[in-house]
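K.L.:
Given chain A, work out where chain B should sit, using these hints.
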Amino acid sequence: MKKLFFGVLAALTFAAGGTFAGTLDDVKARGNLLCGVSTGAPGFATVDDSGKDVGFDVDYCRALAAAVFGDPMAVKFVGLTSAVRFTALAAGEVDILARNTTWTYSRDTDLKQTFLGVNYYDGQGFMVKKELGVKSTTELDGATVCIQVGTTTELNLADYFKENGMSYEPVPTADNAESQQQYLAGACDTYTTDASALHGTRVNLENPDDHLVLPEIISKEPLGPLVRHGDDNWADIGRWVLNALVIAEEKGITKANIDSWKDTKDAEIHRLLGTGDDDILAMVGLPKNAMYNAIKAGGNYGEIFENNLGATSGINIERGVNASWTKGGILYSPPFR
Amino acid sequence: MTKIAFVREKEIPPSAPPITEVGIIGWLSQNLFSSWLNSILTVLSVYFIVIMLWDFIPWAYGGHWNTKSLRECLDLDPDVACFSVLAARWKQLLFGLYPSEEYWRPTLTFIFLLLAAVPILFPKFFRFFWFSIIYPGLAVWLLWGGSFWSISIVYIGLTVGTLLFLSLIRRYLKNYIIAAILAFFFTAVFFLFIYNPLVVLLNGILPISLPFVESLKMGGFTLSLIVGVTGIVASFPIGILLALGRQSNLPVIKMICVGFIEFIRGVPLITLLFVASVLLNYFLPPGTNFDIVLRVVIMVTLFSAAYMAEVIRGGLAGLPLGQHEASASLGLTYWQSQRLIIMPQALKISIPGIVNTFIGLFKDTTLVSIISLRDPVGLASTIRADQKWNGIYWELYVAIGLMFFIFCWGMSQYSQYLERKLKTDK
Numbered sequence: 001m002k003k004l005f006f007g008v009l010a011a012l013t014f015a016a017g018g019t020f021a022g023t024l025d026d027v028k029a030r031g032n033l034l035c036g037v038s039t040g041a042p043g044f045a046t047v048d049d050s051g052k053d054v055g056f057d058v059d060y061c062r063a064l065a066a067a068v069f070g071d072p073m074a075v076k077f078v079g080l081t082s083a084v085r086f087t088a089l090a091a092g093e094v095d096i097l098a099r100n101t102t103w104t105y106s107r108d109t110d111l112k113q114t115f116l117g118v119n120y121y122d123g124q125g126f127m128v129k130k131e132l133g134v135k136s137t138t139e140l141d142g143a144t145v146c147i148q149v150g151t152t153t154e155l156n157l158a159d160y161f162k163e164n165g166m167s168y169e170p171v172p173t174a175d176n177a178e179s180q181q182q183y184l185a186g187a188c189d190t191y192t193t194d195a196s197a198l199h200g201t202r203v204n205l206e207n208p209d210d211h212l213v214l215p216e217i218i219s220k221e222p223l224g225p226l227v228r229h230g231d232d233n234w235a236d237i238g239r240w241v242l243n244a245l246v247i248a249e250e251k252g253i254t255k256a257n258i259d260s261w262k263d264t265k266d267a268e269i270h271r272l273l274g275t276g277d278d279d280i281l282a283m284v285g286l287p288k289n290a291m292y293n294a295i296k297a298g299g300n301y302g303e304i305f306e307n308n309l310g311a312t313s314g315i316n317i318e319r320g321v322n323a324s325w326t327k328g329g330i331l332y333s334p335p336f337r
Numbered sequence: 338m339t340k341i342a343f344v345r346e347k348e349i350p351p352s353a354p355p356i357t358e359v360g361i362i363g364w365l366s367q368n369l370f371s372s373w374l375n376s377i378l379t380v381l382s383v384y385f386i387v388i389m390l391w392d393f394i395p396w397a398y399g400g401h402w403n404t405k406s407l408r409e410c411l412d413l414d415p416d417v418a419c420f421s422v423l424a425a426r427w428k429q430l431l432f433g434l435y436p437s438e439e440y441w442r443p444t445l446t447f448i449f450l451l452l453a454a455v456p457i458l459f460p461k462f463f464r465f466f467w468f469s470i471i472y473p474g475l476a477v478w479l480l481w482g483g484s485f486w487s488i489s490i491v492y493i494g495l496t497v498g499t500l501l502f503l504s505l506i507r508r509y510l511k512n513y514i515i516a517a518i519l520a521f522f523f524t525a526v527f528f529l530f531i532y533n534p535l536v537v538l539l540n541g542i543l544p545i546s547l548p549f550v551e552s553l554k555m556g557g558f559t560l561s562l563i564v565g566v567t568g569i570v571a572s573f574p575i576g577i578l579l580a581l582g583r584q585s586n587l588p589v590i591k592m593i594c595v596g597f598i599e600f601i602r603g604v605p606l607i608t609l610l611f612v613a614s615v616l617l618n619y620f621l622p623p624g625t626n627f628d629i630v631l632r633v634v635i636m637v638t639l640f641s642a643a644y645m646a647e648v649i650r651g652g653l654a655g656l657p658l659g660q661h662e663a664s665a666s667l668g669l670t671y672w673q674s675q676r677l678i679i680m681p682q683a684l685k686i687s688i689p690g691i692v693n694t695f696i697g698l699f700k701d702t703t704l705v706s707i708i709s710l711r712d713p714v715g716l717a718s719t720i721r722a723d724q725k726w727n728g729i730y731w732e733l734y735v736a737i738g739l740m741f742f743i744f745c746w747g748m749s750q751y752s753q754y755l756e757r758k759l760k761t762d763k
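Quick mapping for you: the protein sequence lines, in order, are chains A and B.
Residues in the first sequence are numbered from 1 upward in steps of one, following our numbering.
Residues in the second sequence are numbered from 338 upward in steps of one, following our numbering.
Just chain A, with the same shape it has in the complex:
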């Protein structure tokens, strides 16, 4: 309560220009993790009917909290719009940003952030009505396209059609909601945005089977969590929690069977779950069983995917490139040793 009244006072009396101590120490001292997520991105982050935070990015942060504290609930979710997400991270309002954010060169370098990896390979796709008879984006020559103005999707669209020597007629819209309405009203033949959003939208159309998300993905949108520049240890922790979830899927470790690996001959599993002799997690300041807790929180990468984006969630996105490399995808974690 005092906080509210003396925020101003405190702001004035604190010496300006202090530096960040280690983020891990800050987080431990605070007793919870501050995780920046989207205020609402289907499958990635939202609140359910009972007010609980749910989503793919939310589950990653729960895993991270479990790794640090052993408690997946020791995390506060700060909903951030795309307009304020990077400044919120830079200003220290959140410890980590897991907000379906595309990893790009300038965001990595110019904005002084460290991307920890890719937790979802997204890309721009197209939705068409089946009655149009189009099976591939290469057949879209001359189509009218509903496109959100001022986004990277608009630029990708122009590039793609130019490359393939096709023409299109844009129908500009303000956001995904408007695109969808225009498309359903027949103002455009196809509408384009990130494929994950197209799938989520399609499922809840009046007749989902009348619509088709075309198989081609015309841009790379690797989404991943990120932290501020300047604290490599914290970045390592975030990166390896993500990797641990991927390795767990690769090795077949699930939330349900995680306790049954004590007798395995696989040394990497022992290192990962902290059941072996060497305690390599001490190097980053985490307890020996940190990754065990992280996987236990929401399951491995595959389980988190299924619950939030896959069949269980109702969005029905197929794994595609987001499958483990052992199953034909491009998800590949460096070895845990």
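Watch out, some of these pointers could steer you wrong.
To be verified - EDC-like mimics (lysine to aspartate or glutamate), calculated; alpha carbons at most 16 Å apart, straight line:
(1) B:405 / A:48
(2) A:76 / B:416
(3) B:554 / A:49
(4) B:428 / A:49
(5) B:554 / A:48
(6) B:554 / A:53
(7) A:52 / B:438
Worth flagging that the hints you see were computed from the coordinates, not collected in a lab.
P.N.:
Relative to the frame of chain A, chain B by itself:
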């Protein structure tokens, strides 16, 4: 010559007025079909109203309320509304992410808000004005929780400061400025040195506290009302001071007020909100926790105070100069004449403009969704991000629009009541 004289002995009963002048037909011909232009407009309006209601009424009336998801609604009947989203989420639309076991707190705060507004709005109940004074502290304590004492001691500090100020100018000094500085100094000392130990002491003796709820959890109409009502209440006195300052003869005060008003009016509210949300974080030292709701409330207040100042200046300009001169000739001081002569008249003239600004401010609170706060509009997109409700638009926005309409219409009705009562146009 026969004398022809006829004097009617009984009055002829008045014949019924022409059918075109009374009754339904009369009303229609006077109000809706008085000229060919009006007739065309009437027919067109009726036509548009009918085609809108033709679609809307079956859509709304047959709406689903009990389904579990939008998919279920669509499978049942895709042509009617899916109000189930409101059934599932109405609590969030009202209270945001406030913990559900504490819902009574915002509810009570809202009831108290209505009670606290009564003495201000209706002079008959002015003797309960003390409740309006304690209300802000009570509301803060109820909404955010924490120790009861940390709020009440703030009140005690401010009360003692005010009493000190008043007694200084009544008894010892005639100079407002010195009295104000002394009172301010005392209050500052109180808050810097006495406040904390006192709160700790009282907490030790009699701990009264509510579970703390952080601003992150505030949302829905609770948030709209927090921002809107605080902005309205705080911007009014600041606006008056700015308006007076702008007309002041003291160049420094005048320059500050003009600069402030023109600067604030020169930038969009969303810019100020971005400053509150984003830029302040760069200026403040890392780790400083300057509450986001407080930041937003301050910005919204400053914004609407600048507009308020201009509205009131309009009222001041509407007064004949003779009023100032007359009050001066009666020997009233500046503040006395403002309080007794100028302001009552100037504010009366400005009522429509003032309420206009209030309504605008209340609706502007929806802009906070852009800086991540979960007001009803922001919540609408959060709700849509749940796959169960992905793709639902009309139902949410109709409900949110209706809620805002109730509040804004209420304000507008009150202002018309006030105008009738004060008869401003006579």
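K.L.:
All hints are to be evaluated individually against the structure, with a verdict given for each.
P.N.:
The hints, checked one at a time:
1. B:405 / A:48: Holds, at roughly 12 Å.
2. A:76 / B:416: Distance ~40 Å between residue 76 (chain A) and residue 416 (chain B) Cα, so the pair is violated.
3. B:554 / A:49: holds (15 Å)
4. B:428 / A:49: holds (9 Å)
5. B:554 / A:48: Roughly 14 Å between the alpha carbons, so the hint for residue 554 (chain B) and residue 48 (chain A) holds.
6. B:554 / A:53: holds (12 Å)
7. A:52 / B:438: holds (14 Å)
The structure fails hint 2 only (numbered hints given earlier).
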